[in-house]
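Participant: Going line by line, the protein sequences match chains A and U.
Here my numbering is used: the first residue of the first sequence is 1, the next is one more, and so on.
Here my numbering is used: the first residue of the second sequence is 1, the next is one more, and so on.
A portion of the hints provided could be inaccurate.
[To be verified] Rough simulated footprint, nothing fancy, chain A against chain U, three-plus residues with beta-carbon under 8 Å:
id : region
1  : 40 to 48
2  : 100 to 111
3  : 229 to 242
[Stated by the list, open to error] No farther apart than 20 Å at their CA atoms in a straight line, the calculated lysine to any residue pairs in the SDA-like style are these:
id : chain 1 : residue 1 : chain 2 : residue 2
4  : U       : Lys348    : A       : Ala303
5  : U       : Lys337    : A       : Pro116
6  : U       : Lys106    : U       : Ala156
[What the hints assert, rightly or not] Quick list of the computed label-pair ranges, beta carbon to beta carbon:
id : chain 1 : residue 1 : chain 2 : residue 2 : range
7  : A       : Lys386    : U       : Glu257    : 33 to 39 Å
8  : U       : Glu329    : A       : Lys106    : 28 to 34 Å
9  : A       : Ala162    : U       : Asp305    : 55 to 61 Å
10 : A       : Glu329    : U       : Gly258    : 56 to 62 Å
11 : U       : His350    : A       : Glu54     : 51 to 57 Å
12 : U       : Gly85     : A       : Trp385    : 51 to 57 Å
13 : U       : Glu368    : A       : Leu113    : 58 to 64 Å
14 : U       : Glu329    : A       : Gly149    : 42 to 48 Å
15 : U       : Ile213    : A       : Glu329    : 50 to 56 Å
16 : U       : Asp364    : A       : Thr365    : 39 to 45 Å
None of these hints come from the bench; they were simulated from the model.
Backbone N, C-alpha and C fix where the C-beta goes; we use that ideal spot for every residue, glycine too.
Protein chains: 2
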Amino acid sequence: MPVVAVIGDGQLARMMQTEAIELGVETRVLASNDDASAAQVFGDVRLGDYTVLEHLRAVVDGADAVTFDHEHVPNEYAQLLIDDGVTVEPRPEALIYAQDKLEQRKRLAEAGLPVPAFAAVESVADAEVFWDETGGQVCLKATRGGYDGHGVWFPATREECAELVEELLGRDLPLMAEQKVAFTRELSAMVARNRSGDVRAWPVVESRQDGGICRVAIAPAPNMSAELAERCEELAVRVAEGLGVTGVLAVELFEFEGENGPEVSVNELAMRPHNTGHWTQDGCVTSQFEQHLRAVLDWPLGAVDRCAPATVMVNTLGGEEDPDTPMSERVIAVMRKYPQVKVHLYGKDHRPGRKMGHVNVNADTVDEALAIAEDAAHYIINATWKD
Amino acid sequence: MPVVAVIGDGQLARMMQTEAIELGVETRVLASNDDASAAQVFGDVRLGDYTVLEHLRAVVDGADAVTFDHEHVPNEYAQLLIDDGVTVEPRPEALIYAQDKLEQRKRLAEAGLPVPAFAAVESVADAEVFWDETGGQVCLKATRGGYDGHGVWFPATREECAELVEELLGRDLPLMAEQKVAFTRELSAMVARNRSGDVRAWPVVESRQDGGICRVAIAPAPNMSAELAERCEELAVRVAEGLGVTGVLAVELFEFEGENGPEVSVNELAMRPHNTGHWTQDGCVTSQFEQHLRAVLDWPLGAVDRCAPATVMVNTLGGEEDPDTPMSERVIAVMRKYPQVKVHLYGKDHRPGRKMGHVNVNADTVDEALAIAEDAAHYIINATWKD
Ligand SMILES: Nc1ncnc2c1ncn2[C@@H]1O[C@H](COP(=O)(O)OP(=O)(O)OP(=O)(O)O)[C@@H](O)[C@H]1O
Ligand SMILES: Nc1ncnc2c1ncn2[C@@H]1O[C@H](COP(=O)(O)OP(=O)(O)OP(=O)(O)O)[C@@H](O)[C@H]1O
């Protein structure tokens, strides 16, 4: 059986490991420390730094495929590994579009895919021109290195915009501007593509963010026409094929009111299992973590049929304070009240806002699943029920 | 979060680990060697021997609960650990009835539960008396140490029976005899019970054995009246409660034609996750492995609703010869033909008859699930399709 090396030690690597165990796939992880979320649960843990080529070379040695739980491995190193003969998936030619928002916007626009109006910002003047063109509907973004809403700004006035750009450029942050979209909600269209080019799309989900962090995913996205759902799935397939992505791809979308009803445009790409896909662990025949492994190994992809009419995922983000009630007591209370809730925890210590885990709930209706999942997550975070 | 120590390094421990990871429960395993099925996938592996008290003491030190993937830990050692203040589940007072078939028969009969006629066999004369009483319908069993049909004999004649008993007693094997049941099929009724006494029963399944090894489990058991299904489930609950079992309990049953239709009697008890419960991984809201962890930690038990109308599990037992086609190629072929098949592999090298893995298939009908699961398992074993 093949060996997969995973670069990155967070919860995504951790959850790949549970699927790898069941599939009998051997794994290793490159982790920053022994106590990292994934390092706790891999049999073969290599401590090191993903920005150090020798550490990468050591962990990938003899692996049949190498993949990531984040997009921050320097592309030149990924390329050197490929030159060594290693199978690295997704490949840097694709990954660049998940790493650099400006390159991504350009590439998607070229391919005729819907993206908000955008411009590179290399000077205050660039930003001012864009401000005037869009009537002040401006969202500034660091083209690289942003995550969970870090690296996204909404200046309220032309002056604030100019000052912000001056400051950010002064810090050598590569910048872009894009039109602020008056979106009605956010969606996520996820697909997996293997090296041979097979693609499978999960049903598109609604995702709800809090301060830039995904907090809730609702599958399938409620109140959506079959036609629009299909369009979103096709769009994600086109992105996966157009960019040659292997593994799981999440296409984060804005839904907004167009002239003839709801429309979508692309917000962001992620080339790995994604928070908006955690529901697949309990709501789908093949979870995103299993599918990712199959895809990067170039195995045939699994069925993506749903297991229930509705599945809701709610993240358990560390609260402002960690309640005195120990986590195990909170889990017990949730399990007692809701025998159907699936609790997933990442083995992380408390930090406010930190992704510590999530719950998944299947039910006959979205409303029922959402109410239970929200209440359960609320208890895990706060040791109090929602109402 | 609590720490669970698992004694035993086989596939049952391995599959507990995948659930422990998702629950955020910390684990350790006492393994005989680094390459054992479970040792490959635990972060914390302690090498040692479960018949050596010091090795047991080392792995349980500081654990919140200790459990097993087999029933062979000497009870006096389990008791010493309990005397040390360790939470060992299931407890030796219950475990004895999974270890000693004669004690089990006595206890179940006392409780009024249906078991075949039986007798202790301490001499050839004992066996001959039982032979005559049952009209030669005799099954001889080692009271301890049997597994997968090892330790079960069906002598064809009174003389053969006498010779066998003489030989086995000469080898100091503790023996019993029981009536050979003309069963129409075998069933398995599984429940979990936590330390506080909560019990949940999974739907009773049909199990099909091959040479004493479970090969197929069909959930729910087809062609069974709701009344009999309920009776089986109640019987398993009574056993769990009567014996004070904690964790998962499998009650293996014989179904036979009684005077007023199908009846059942108990064949065997297992106090741990069981082969006939592997279907729950993909066919049930809460798998037997998650439920076992919850039960031994005294957490509330999870819902046992089914995810599909029918789920079939087929073991992939090592064939007479290991095909030249590597295992990964076989898995690929199965995944290509059947995107809905869930492949589970235990990381074991080939040996004829060895439990190497299993497949689970959900479908709308038993026939469909069975046909797919049998074909998929056949390919994984032989690298050829069934027909
Ligand atoms: N063009 C836009 N118009 C309106 N809101 C936007 C726009 N771009 C981003 N946002 C808001 O900011 C949030 C974070 O943006 P984005 O997803 O690009 O950031 P990120 O840091 O890369 O986050 P993620 O971790 O989700 O990839 C979005 O979820 C959305 O709420
Ligand atoms: N009383 C009986 N009458 C008829 N067949 C029997 C009887 N007892 C056992 N068998 C047959 O022998 C098989 C193995 O018996 P049993 O389950 O007791 O053995 P075991 O070695 O403990 O197996 P397991 O691993 O399933 O616990 C049974 O599945 C059944 O087919």
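Participant: Can you name, in rising order, the numbers of the hints this structure does not satisfy?
Facilitator: Structure breaks hints 2, 3, 4, 5, 6, 7, 8, 10, 11, 12, 13, 15 and 16.
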